[in-house]
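Engineer: Sequence:
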Amino acid sequence: MIIQVYMESSRTDDAKRLGAKLLTQAAVDTLGVQPEWVTVIYENFDRPDWAIEGELLSDKMAKRLAAQKAAEEGKA
3 MIIQVYMESS RTDDAKRLGA KLLTQAAVDT LGVQPEWVTV IYENFDRPDW AIEGELLSDK
63 MAKRLAAQKA AEEGKA
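Take the sequence shown: its letters are residues 3 to 78, numbered as in the working numbering.
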């Protein structure tokens, strides 16, 4: 069994270790497979390589940060 995970490349090795452990356990618990049958493959992408709702993730994140900054400045 192969579980393929696509995610942003900023995740740490510790996060990937925990993810692999929990995904493997979930496969064992829900599908009844043996742990040794489970392979987790991580595919890492940078934000400019992703688009959501027709907009690059890097652009969406920049807009979100700008909105947060504007909101914080409005509180001051």
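Bear in mind the hints are in silico, worked out from the structure with no lab data behind them.
Where is the CB? At the ideal position from N, CA and C, for every residue including glycine.
There could be a bad hint or two in this list.
Restraint ranges, calculated between C-beta atoms of paired labels, are given here [unchecked claim]:
#1 E38 x K77: 37 to 45 Å
#2 Q36 x R66: 29 to 37 Å
#3 Q70 x A28: 31 to 39 Å
#4 R19 x D61: 51 to 59 Å
#5 L67 x E45: 38 to 46 Å
#6 Y8 x Q70: 22 to 30 Å
Engineer: Hints first: check each against the structure and report whether it holds.
Structural biologist: Going down the list of hints, with the structure as the test:
1. E38 x K77: 37 to 45 Å: Since the Cβ atoms of E38 and K77 sit about 54 Å apart, the hinted range of 37 to 45 Å is violated.
2. Q36 x R66: 29 to 37 Å: Between Q36 and R66, where Cβ atoms are some 42 Å apart, the hint is violated.
3. Q70 x A28: 31 to 39 Å: holds, 33 Å
4. R19 x D61: 51 to 59 Å: With a Cβ separation near 31 Å, R19 and D61 fall outside 51 to 59 Å, so the hint is violated.
5. L67 x E45: 38 to 46 Å: Roughly 25 Å apart at Cβ, these two residues miss the hinted range, so it is violated.
6. Y8 x Q70: 22 to 30 Å: Holds, since Y8 and Q70 (Cβ atoms, about 26 Å apart) stay within the stated range.
Violation of the numbered hints given earlier is confined to hints 1, 2, 4 and 5; the remaining hints are satisfied by the structure.
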